[in-house]
Amino acid sequence: MTTDKLATLSETTNSDMTREADRAGDESHWDGWLLGATLTLMAFGLVMQYSASAVTNADKLGSHWYAVSSQLPKVCLGLAAMVVVANLHYNWWRRGVYWLLGGTFGLLLVVFVPGVGLTLNGSRRWIDLGVFLFQPAELAKLTMVVVMAYSVAKKGEKMRELVFGILPHVLLVVFMAGPLLMQPDLGTTAILAVMMSVMVFVSGTKFRYLVGLGGIGVGLLAVAILHRPYRIERVTAFLNPWQHQQDAAYQITGSLVAIGSAGLTGRGLGEGEGKLGYVPELWNDFIATLVAEELGLLGIAAVVSLFLVFLWRGYRIAQRVEDPFGTYLAFGITTLIGMQACANLFVVTGLAPTKGLTLPLMSQGGSSLLMTLVGVGILLNISKRPPDRWARQKPERERRREKKRLEKKRQRREKRTRESDTWAG
Amino acid sequence: MADSDSQLQQTVRRRMTAVVVLLVAGFFVVVGRVYYLQTEREDELAERSENRTERTLQLKAGRGSILDRNGVELAVTTDVPSIAAHPNQIDDPAALAESLAPILERDVQDLTDTLSSDRTFVWLQRKATPAVGRKVASLDHPALERITEPKRYYPLGDRAGQLLGFTGVDNKGLEGVERMMESELAGESYTIRGTRDARGHLIFNRGKPDLKKLEGNTVALTIDERIQRVAQSALQEQVEKYDAKAGYAVVMDVNSGDILAMANTPSFDPNRFRTYDSKDWRLRPITDTFEPGSVFKSFVVAAALEENAISLATPIDCEEGYLQIGSHGIRDTHSHDVLNAAEVVQKSSNIGAYKIAQRIGKKRLYQYIRAFGFGRRTGLGLRGEQPGLVRPPDGWAEVTFANIAFGQGLTATPLQVTRAMSALANDGLLLRPQIIKEVRTPSGRRVRRGSPTLQRRVVSEQTAEEVTRALSLVPLEEGTGTEAALSNYTVAGKTGTAQKVNPETLRYDPDMWVASFSGFVPAEKPEFAISVMIDEPEETHYGGVVAGPAFKEIAKNALAARGIPPMEQSERYNLTKEQKEQARWGTEEDVREPTFRPPAGGQRPTAGNEGRGKSAPREPAVDGGVPDFRGMTLKQALTAAQKLGSLPQVEGWGRVVSQTPAPGRSLAESDTLHLTLAPRTSASPASKQPASGTAE
Numbered sequence: 001m002t003t004d005k006l007a008t009l010s011e012t013t014n015s016d017m018t019r020e021a022d023r024a025g026d027e028s029h030w031d032g033w034l035l036g037a038t039l040t041l042m043a044f045g046l047v048m049q050y051s052a053s054a055v056t057n058a059d060k061l062g063s064h065w066y067a068v069s070s071q072l073p074k075v076c077l078g079l080a081a082m083v084v085v086a087n088l089h090y091n092w093w094r095r096g097v098y099w100l101l102g103g104t105f106g107l108l109l110v111v112f113v114p115g116v117g118l119t120l121n122g123s124r125r126w127i128d129l130g131v132f133l134f135q136p137a138e139l140a141k142l143t144m145v146v147v148m149a150y151s152v153a154k155k156g157e158k159m160r161e162l163v164f165g166i167l168p169h170v171l172l173v174v175f176m177a178g179p180l181l182m183q184p185d186l187g188t189t190a191i192l193a194v195m196m197s198v199m200v201f202v203s204g205t206k207f208r209y210l211v212g213l214g215g216i217g218v219g220l221l222a223v224a225i226l227h228r229p230y231r232i233e234r235v236t237a238f239l240n241p242w243q244h245q246q247d248a249a250y251q252i253t254g255s256l257v258a259i260g261s262a263g264l265t266g267r268g269l270g271e272g273e274g275k276l277g278y279v280p281e282l283w284n285d286f287i288a289t290l291v292a293e294e295l296g297l298l299g300i301a302a303v304v305s306l307f308l309v310f311l312w313r314g315y316r317i318a319q320r321v322e323d324p325f326g327t328y329l330a331f332g333i334t335t336l337i338g339m340q341a342c343a344n345l346f347v348v349t350g351l352a353p354t355k356g357l358t359l360p361l362m363s364q365g366g367s368s369l370l371m372t373l374v375g376v377g378i379l380l381n382i383s384k385r386p387p388d389r390w391a392r393q394k395p396e397r398e399r400r401r402e403k404k405r406l407e408k409k410r411q412r413r414e415k416r417t418r419e420s421d422t423w424a425g
Numbered sequence: 001m002a003d004s005d006s007q008l009q010q011t012v013r014r015r016m017t018a019v020v021v022l023l024v025a026g027f028f029v030v031v032g033r034v035y036y037l038q039t040e041r042e043d044e045l046a047e048r049s050e051n052r053t054e055r056t057l058q059l060k061a062g063r064g065s066i067l068d069r070n071g072v073e074l075a076v077t078t079d080v081p082s083i084a085a086h087p088n089q090i091d092d093p094a095a096l097a098e099s100l101a102p103i104l105e106r107d108v109q110d111l112t113d114t115l116s117s118d119r120t121f122v123w124l125q126r127k128a129t130p131a132v133g134r135k136v137a138s139l140d141h142p143a144l145e146r147i148t149e150p151k152r153y154y155p156l157g158d159r160a161g162q163l164l165g166f167t168g169v170d171n172k173g174l175e176g177v178e179r180m181m182e183s184e185l186a187g188e189s190y191t192i193r194g195t196r197d198a199r200g201h202l203i204f205n206r207g208k209p210d211l212k213k214l215e216g217n218t219v220a221l222t223i224d225e226r227i228q229r230v231a232q233s234a235l236q237e238q239v240e241k242y243d244a245k246a247g248y249a250v251v252m253d254v255n256s257g258d259i260l261a262m263a264n265t266p267s268f269d270p271n272r273f274r275t276y277d278s279k280d281w282r283l284r285p286i287t288d289t290f291e292p293g294s295v296f297k298s299f300v301v302a303a304a305l306e307e308n309a310i311s312l313a314t315p316i317d318c319e320e321g322y323l324q325i326g327s328h329g330i331r332d333t334h335s336h337d338v339l340n341a342a343e344v345v346q347k348s349s350n351i352g353a354y355k356i357a358q359r360i361g362k363k364r365l366y367q368y369i370r371a372f373g374f375g376r377r378t379g380l381g382l383r384g385e386q387p388g389l390v391r392p393p394d395g396w397a398e399v400t401f402a403n404i405a406f407g408q409g410l411t412a413t414p415l416q417v418t419r420a421m422s423a424l425a426n427d428g429l430l431l432r433p434q435i436i437k438e439v440r441t442p443s444g445r446r447v448r449r450g451s452p453t454l455q456r457r458v459v460s461e462q463t464a465e466e467v468t469r470a471l472s473l474v475p476l477e478e479g480t481g482t483e484a485a486l487s488n489y490t491v492a493g494k495t496g497t498a499q500k501v502n503p504e505t506l507r508y509d510p511d512m513w514v515a516s517f518s519g520f521v522p523a524e525k526p527e528f529a530i531s532v533m534i535d536e537p538e539e540t541h542y543g544g545v546v547a548g549p550a551f552k553e554i555a556k557n558a559l560a561a562r563g564i565p566p567m568e569q570s571e572r573y574n575l576t577k578e579q580k581e582q583a584r585w586g587t588e589e590d591v592r593e594p595t596f597r598p599p600a601g602g603q604r605p606t607a608g609n610e611g612r613g614k615s616a617p618r619e620p621a622v623d624g625g626v627p628d629f630r631g632m633t634l635k636q637a638l639t640a641a642q643k644l645g646s647l648p649q650v651e652g653w654g655r656v657v658s659q660t661p662a663p664g665r666s667l668a669e670s671d672t673l674h675l676t677l678a679p680r681t682s683a684s685p686a687s688k689q690p691a692s693g694t695a696e
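Respectively, the protein sequence lines represent chains A and B.
Residues in the first sequence are numbered from 1 upward in steps of one, following this note's numbering.
Residues in the second sequence are numbered from 1 upward in steps of one, following this note's numbering.
Honestly, I wouldn't trust all of these hints.
Pairwise CB distance ranges, derived in the manner of DEER restraints [to be verified]: (1) A:106 <-> B:11: 43 to 49 Å; (2) B:201 <-> A:39: 55 to 61 Å; (3) A:230 <-> B:57: 35 to 41 Å; (4) B:13 <-> A:264: 35 to 41 Å; (5) A:39 <-> B:140: 39 to 45 Å; (6) B:47 <-> A:161: 24 to 30 Å; (7) B:174 <-> A:268: 32 to 38 Å; (8) A:229 <-> B:43: 34 to 40 Å; (9) A:98 <-> B:120: 31 to 37 Å; (10) A:103 <-> B:11: 30 to 36 Å; (11) A:178 <-> B:43: 45 to 51 Å.
Rough simulated footprint, nothing fancy, chain B against chain A, three-plus residues with beta-carbon under 8 Å [claimed, not checked]: (12) 202-212; (13) 258-271; (14) 308-319; (15) 334-340; (16) 346-355.
FYI, nobody ran anything at the bench for these hints, they're computed from the structure.
Every residue gets a Cβ at the ideal spot worked out from N, C-alpha and C, and that includes glycine.
Could you build the full structure based on these sequences and the hints that come with them?
So this is what it looks like as structure tokens:
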């Protein structure tokens, strides 16, 4: 009786607490700073994209608005995706991790299906979705983060061991690298490898494994570079840009000239000269060049500050969530976006060799924006620290299922009894 | 377990912080890098930026228009497309050449070669037609460019073509008024800073100066395009009718010196100046000189009247049409016995003109010739104007003097003849001819205005009127210029049938003539002085017949165009045949005092003091060995004469043009060897022999 009472008491307390927690979770908000930084970066990006491409588009396409008008649907789609994802409990990513992995891999292969996959500039990277060209590689980056977060969170202490901590993850990268390198897309492959390494690193693996891993990675990268002449060219152009001004280093020297000649105060919004064809893809990978050229050091400081806010809030979200998967996922996404931004800025300012890397949220393009916003959605969801109702209701569901099972059992027994009674009777 | 859990958590937290710190550091490096680029490297990179984008263009604002006196546009500047290409941006030169060739009317292969180069810029067609520009635009090829350039356009085609001249590709005046007024017409040059994009296009995003202000001035000519048109067509008609080499006409406003028309055939369309031979660019009424011929008698008679050497009624013995002067003879076309001075003009007697000239003498005549503006440029301002050649009188042999009296042995431009004629029409006042009516700035302010400029009085009003009366006899029945007569207006004018020197033989060629008619209308109150010259007409060469009709046509239309009403019959000179007798213009005794002294000054010789008495024929020469001195320089002649043992009597300077005794004759019969010399210029070859005055 006592135990019964106790059980009842504990049960009520438990369910009360749960409900309370639910209520608290519902009342907590998305991280306003993160959302604000994201939206500001996007708006900033749109303005700069217009400035970057108005001249070229007016000339080639007859509409100076083209950049904005083509980008707006993608922005809307991305924001919608972000809102949806932000309202989906992040644990669902853990539950659906194998589906996600399978789907991503499938899409990476679909690129090679003739008629579906699209080849641009010599690379097979796109799937035409009508609204925009979807690049599965962008999805692969996010998938990588989710899978790694899932994996390292599950393994916990075991991450220190080579067999559990390193090998499966290296295999995962190799598995993904296959179709990516066939596109070819060395940039994304490198990011996947780096993300994997970062996740392995933060989850507590031994340094010596990491050093070994790094060594192998650098070796493979060297092989990949030496294997393709254009990659060698890019590296030599990076090392000696002014001697390759007219060919391999055209874009980077154009960018340096645009940034430097503008002076600290910049030329003023819309006054840039790099857009006159001196910096190809200015609205895309080299959007930061335009920011530095037109808005000067202040503009770059603003962009960097927004990304720092992003990093701060993302890291804070990661630290505040108690569930390891949430921590790793938030950290992974924050790092993925921050790292890409940083790498892009390095390329643009001539600190790293040119790679096909966009500046997240600011560059023109659909896939990158969509996947970044999905990532932001996940971060927002984690920031709310929502109760995982589905997980919490699991015991109840099981109890209900158990009850149902017992009920059925009982009914069957009763039926048998009745039958035997009848038989007896 | 809980212990190791928190330990792991701590490790994770530390490592995550490390990663984030690394990223933050990366961002700061980026800011530092941008700072470095924009401060330390700013100058170097700014220079690179300027090198790639900064372009300055030296441009000229639009050229001013040239208008006629009534504002009709004779030369305007329009914007036309020039076609250029960027060959380095062409992927398929052959295909592009294929589609371009028919538009530009160029050879496909040639065009392919041009487009295949790796140059960044190449002109395909400068100053194409707007239609070509549109067709090129419709190709819509990114490597093709249309650049608007100003092109000079002459809407009236060959109207006053030689006068207007033309401009070169850079819109700089090369000939005619375009050249003369270059400083006024040319737009101011200005520098424009542009930005060059990576494909080489220039973008002018830094503002343009107010081009309207910088445009060249508008030049209004004194030309009346209607009169010019008539002059050209009338000339053309006569030139074609008589199969002549060329024709020249000048129309001048006698009251202002304004040139109303200046024409020469063959005509010239400055829009297509390249298709013409450069000699057709010349405005021959000022650049070419001719021996004026009998037209000149007007001025000789005017000089004699002014000097009171004659009156119009003075009888002149015309020697029955032949007069021997030294070894040469001068003739009249129709032989006359005695004519009065007016009739000498009317019937154009060479001998009569010589006799009249003799009455004032060489020096006086020379002063009048110079006073009438011969032998010097008129000051019109157009390039290439010739002064004509009038030798000083101390070099005149007697036969040269006789020649000059009927307009041979000296040269003048058609403009000079017209101006001298207009001085007679303008009460004896010689005006400077002018071609510029006014110059206006683009905003309409007048910066220069042509006004009548009096150069000098040549003869008195009375003399001018008397000459006018004599000249108005010319178109009458008995005159030489009946073809120039107008029904409702009195024409005063003089025919001219000048012998021409054959440039090859340097002798007067019996088949080369300049037929002319120069005069003014209406005689009583002159408005226009008009000269028409037809160069080397075939079949007939009489000035009245060949040039007269063109004069009439021009005069008729000029009077109509300027709205000059016919005069009342009572105000007109009564020149009907019966009235002519009673209007005999006084008697020989009625010689008035000179009212005006020509500005040339100098001693006034008594009439007839000089040059007389030399007309007696020389002794007949017998066969002998006098060499042909003609064409020799004085030095050569003297050397040759020394061999004969004779010191020749020399007249004039230059080269020997005639000699006495004639070549081949014996010197023994003649006491002295006479040599007559005259200079020779390449511009207008002088004859080696004097003119006889008629076709022989």
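* Asked: Failing hints, ascending?
  -> Hint check: 1, 2, 6, 7, 9 fail, others pass.
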